[in-house]
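Protein chains: 2
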Amino acid sequence: MIPKGFRFAAAEAAVKAPGRLDLGLIACDRPAAAAGVFTRNRVVAAPVVVCRERVAAGRARAVLVNAGNANACTGPQGLDAARRTSARVADLLGVPPDAVLPCSTGVIGLPLPVDRIAAAAPALVDGLGDDPEPFARSILTTDTVPKQSARTVTAAGRQARVLGVAKGAGMIRPDLATMLGFVVTDAPVAAADLDAVLRAACDRTFNRITVDGDTSTNDTVLALASGAAGGPPVSGPDLAAVADAVEAVCRDLARAIVADAEGAGKVVDVRVVGAADDAAALRVARTVAESPLVKTALHGEDPNWGRIAAAVGRSGAYAGGPFDIEIGGVAVVRDGLGLGEEAEARAHRVMQAGAYEVRIVLAEGEGRAVVTTCDLSAEYVRINADYRS
Amino acid sequence: MIPKGFRFAAAEAAVKAPGRLDLGLIACDRPAAAAGVFTRNRVVAAPVVVCRERVAAGRARAVLVNAGNANACTGPQGLDAARRTSARVADLLGVPPDAVLPCSTGVIGLPLPVDRIAAAAPALVDGLGDDPEPFARSILTTDTVPKQSARTVTAAGRQARVLGVAKGAGMIRPDLATMLGFVVTDAPVAAADLDAVLRAACDRTFNRITVDGDTSTNDTVLALASGAAGGPPVSGPDLAAVADAVEAVCRDLARAIVADAEGAGKVVDVRVVGAADDAAALRVARTVAESPLVKTALHGEDPNWGRIAAAVGRSGAYAGGPFDIEIGGVAVVRDGLGLGEEAEARAHRVMQAGAYEVRIVLAEGEGRAVVTTCDLSAEYVRINADYRS
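Chains as they are written, first to last, in the numbering used here: chain A, 1 to 389; chain B, 1001 to 1389.
Treat the hints as calculated values from the structure; they're not laboratory data. The reader is advised that the hints may include incorrect statements.
[To be verified] Some, not all, of what chain B presents toward chain A, calculated at C-beta under 7 Å: (1) Gly1075; (2) Leu1293; (3) His1299; (4) Arg1314; (5) Ser1377; (6) Asn1384.
For glycine and all other residues, C-beta sits at the position ideal for the given N, C-alpha and C.
Okay, chain A solo, but in the shape it has when bound (with noise of 0.2 Å):
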């Protein structure tokens, strides 16, 4: 069920290649609350300038999208390109130019076609419905799968609806962001904590997980309230439970990104446990995740703990003391030890599976963390030395 206020659209306008969907638009039929978490990627792409710039604001009434193209190192001119695009969709809609907020994914260093979306954006605008796929297929780039995921949550005795749309499969290692992320709920949420929610539910569910470590320059994720549900603006418990409902949303969206990424079949939770403290813990398990070396064993399914033993022993947050490995339950180290040639077969079984955990227990401390990650296969080297050609 669609939250109420919000419609969708995708249109044709030959950023990717013709025929296929690139142009993707969500509308409030009220200005809706707004938050936004955006790369911290010093290099910035263009409609992150200019998205962040609006969504200071804390209202807006569309969010207007391209895939194919990223609009960055684009200059004065790609400012120029994600403002004039909006400014073309708010006139069609009606709305004052900056409360359509703009983002690009693609290619990085071409200029904006601007014409071609100005010419889509009348067909964009007169789409507009209550089905969000067309729209969350728009904004794939090398995606395999649109990423949708919803909940509904009673809130002060009214049933409000959360949904998420996301894109990413690739230049994935999110910095209190992702790459592409919508969240839409008609819940009645005040734009400063919508801010919060979504900062606390990026910060637990995107920025978690990891395909590549590199992050992207244009990495926004977005969360508009339309109030449509009824009511005053959520607080206390009734807050929580919405909070709750977009961090479940998000969490799904950041699984499906790892599980769609590029050229992986497997789905891996690296959960550091014991670690002096949880910033410690999160180090040690974005190392392992990162590892190319434990991402390779994870795609030949090689229960080759002594490569996640070296990682975490160069994460600079591992002391030296005693530690366990198990993978997907089967205890594989015990105090820094090999548990040797059975217990390995047995966990090569488990990594057959498509998803699975790789636990750490170090003795350090309570930290603790997850970090989620995907395994490192021949294809995702195809795919990305093939990429612009």
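Let chain A serve as the given structure and place chain B on it in line with the hints.
Frame of chain A, contents of chain B only:
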């Protein structure tokens, strides 16, 4: 020409599959000054623990190396194995047990086959001779070629020789050390000076290469100086001349490791100039050199400078000012903006070469650094997904 005082040998000990050289020995006919640098990984292999302890004396008579088994994560048994195998060789050489420096490389977590190594020791010692080539072959794992480099240097009016041998093709992102490297010289160098010379050389060579960002548990570089060239210990400009020769040998070996990197076909110097300081430049260069997306683009011969810009942006050492990028001398970005298809077509042609430079010019200070990297190929994945099977 071999540094005077040193002899070399290799043997088959069935640590690897039978029929392959996997045991190597360097012996000096007199106590040699000794220095070593070791992995900073907090998970440290047993031979590193023993070797580090023995090198502290500043003197050694031999280096014993096995390939195929890292003797890492093997606990007290592993320490005992390193001591027993080196004691056996010391006995045959007629030198004190702690004058033999043990090194291991290979799979982590398996018990070292002490008996097989001890059984091969007499043939190993009997085989000592002037040719370092069998030794250079015996220490390889996934390497495809042995790696040697030599220089002649005149110090204090006498000619001295420097010979280096190394192995390494994966798990390469040395942190003040590298995989295994051995430098022997007949120049008369005091142990403390040899230590300083080796540290400086490693920092400028082995520590400026990356294959996959993974640091081994066994990284070790040892230097032995026999003094057999004659004369008193060198100092001042003579010591500097020896240091230059050691650094040149280490640089050759470091480049040879990158050139032989698992599945790689390109050697690319990532040079950063104009960073805030040298540390910032190194951080930017490392981030670019380790980016899987940059490395797959190098593999695809794709001048995808957007990925280079994105890596600069997420490095944490770039403040956000204008930047230029050149690939193999071809300018592709000026002031943060792409120079267009023609420039990229020219860069693509340059990238078909086996070696070239990516130059990143920032405008934030005088910091400079070079990190040498390789491309990331589907073959790297295949090698590492299959390594143990």
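Consistency of the hints with the structure:
1. Annotation: interface hint on Gly1075 (chain B) holds; nearest CB of chain A at approximately 5 Å, less than 7 Å.
2. Interface restraint check for Leu1293 (chain B): the shortest CB-CB distance to chain A comes to about 5 Å, inside 7 Å, so the restraint holds.
3. At a threshold of 7 Å, the smallest CB-CB gap from His1299 (chain B) to chain A is about 5 Å, leaving the interface hint in force.
4. For Arg1314 (chain B), the interface hint holds, since its Cβ comes within 7 Å of a Cβ in chain A; the closest pair sits about 4 Å apart.
5. The criterion of a C-beta within 7 Å of any C-beta in chain A is met by Ser1377 (chain B), whose closest approach is roughly 6 Å, and the hint holds.
6. About 4 Å separates the beta-carbon of Asn1384 (chain B) from the nearest beta-carbon of chain A, less than 7 Å, and the hint is met.
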